[in-house]
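So the protein lines, in turn, are chains U and B.
The first sequence begins at 1 in our numbering and counts up one residue at a time.
The second sequence begins at 1 in our numbering and counts up one residue at a time.
Don't read these hints as lab results, they were simulated from the structure.
All C-beta atoms, glycine included, are put in the ideal place defined by N, C-alpha and C.
Please note: incorrect hints may appear among the correct ones.
Unchecked claim - Under 8 Å between C-beta atoms, here's a sample of chain U residues computed to sit facing chain B:
1. P119
2. P132
3. W171
4. P386
Each chain, written out:
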Amino acid sequence: MSKTLKPGEARAPGHTYQEAIAKDASQPPEAFLDYSYEFLGDQDIPYSHYTSHEFAQSEMEQLWPRVWQMACREEHIPEPGDYQVYDIGHLSAIVTRTESMQIKAYVNACMHRGTALKPPGDNGYCQAFRCPFHGWVYSLDGELLELPEDWDFPHVGAGSHSLREILVDTWAGFVFVNFDREAESLTEFLGVLPDHFRDFDIANRRIETHVCKRLPVNWKAAEEAFMEAYHVKETHAGGRDFSEPVTTYDVYPKNVNRFIHTVGSVNPRMPTAPSEQELMRALWGRRGPADGDCPTVPEGSTARDVYAEVIKKSLGEQYDMDFSQYSTAQTLDSIEYFVFPNFFIFPGLSLPMVYRFRPDPKDPDYSYFDLYFLRPSEPGSSQPPPEPMMLDVKDSYTLAEGLGFLGAVYDQDTDNMAAQTRGFKTCAKGGQTLGNYQEVRIRHLHQRIKEYMEN
Amino acid sequence: MTVSDLEMSALSPDSRQVVMHEGVCVLVCNTGGTHYAIENRCTHQDTPLHEGRIRNGLISCPLHGVRFDLKTGEPRGDLTRIPVRTFAVEQTGDRLRVQIDQMRSS
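Okay, chain U solo, but in the shape it has when bound:
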């Protein structure tokens, strides 16, 4: 093991992500060049935070009712009466579109005897919210409209018994809800995110693929599996030399962090730098013979720039859109932003994922992972989102259509999860040890949870 740096000094050896993309022919978005690493401590994270029912219960009481969470996309509810149910632990919300095209969200429970008005995860359409038990009817605006046998309820009226509204707001086509009616605004909660996403038209993307999988691990450990690129070399490349990507890790107040790693650039740890043509061949190796011969990198150009043009052209043809304004970094790189507590978004062109993680309310050893691919579309596209494909713990991601080669990659990530859950319970050390730089986002997640638990 080599000599480590003092806390706060740690950075990967060689050039940084920001230095690597400065060599691209196209100017990356300003935010990509920003450094925002901060040393957040080096104490172990107790395993009990993942395995204990009491800790999960505290999260359910202190955290989940008070944070903004992505409930759906606007295209899930394009017309009045469309609704989407969002469930988090024992809490459930109905998000709907009213007759005046406003988006509203309500607690999913009848004001009579508490019956859930809609089943878990449901989406669909109804003219009004009608309780299936006794037929109390609420307008799309939540107002109590009909009360069967109202002679028996002199103590009930629209003022006291309309549906309980919760906070709802949108960003970039995503609908967020917050069960805490006193919570800060969504804009405040999202911090730098809207500014960092100025150069991406996320609002006009549409869900192409949606897979929901049950994972054999606590929701936080599931998220952590996607928060660092440190695992890439072993989990996805069998430990192959020089397979670690050049990655930046950044933390922003209060709820945002990110990594961005290059695709197709030189690994600075290689004793001899490969030629641009060798890099091009490595990139092209991912493509089949149907895509033609590997392009030649002209003198003075780079494999990244040549490959980005190929991707922009092929995706442009596939989606009948013009992507020429996308920089090389926006087109190729793995750009992953996280919004506490459970939302990840990749705004890049070739890796267009969105993740959402939720705990299993009955068992802290399990969680649910919604994986979406968002593809660019023409403004105003009315294509409805696909039905989610449900995968159980043992089901391979390769069963899901639309994930391509990434299906097997997600399987590799999942294989570690059950092993981690078992290890949490037998490891005598008592907690997870984290790298100061590469795993800082994990520490940020736990720091935010602690703040919610203590306040």
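Based on these hints, arrange chain B on the given structure of chain U.
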């Protein structure tokens, strides 16, 4: 098993029609260019389905929102576990033949 044919004109895209045929209320829909026929009765609480919104080949009951797969009749969600009846549709030019299976009548 008795199969009785319902003969009718093909529908324009994204339209629907309710037809009574020998005591069965049938909802015929053209969605995305494909015709489907189901019994016009939600198996959850016995409500007509024809005012329901159709998306991704699923029709939502306008009363409580239960969704049924137009092709298989299978319900989504947990408000009902009973499929809605579906009927085979054959299209020849601008004519439809809907095969109403009377033995499966509820």
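Violated constraints from the hint list, given by number and in increasing order: 3
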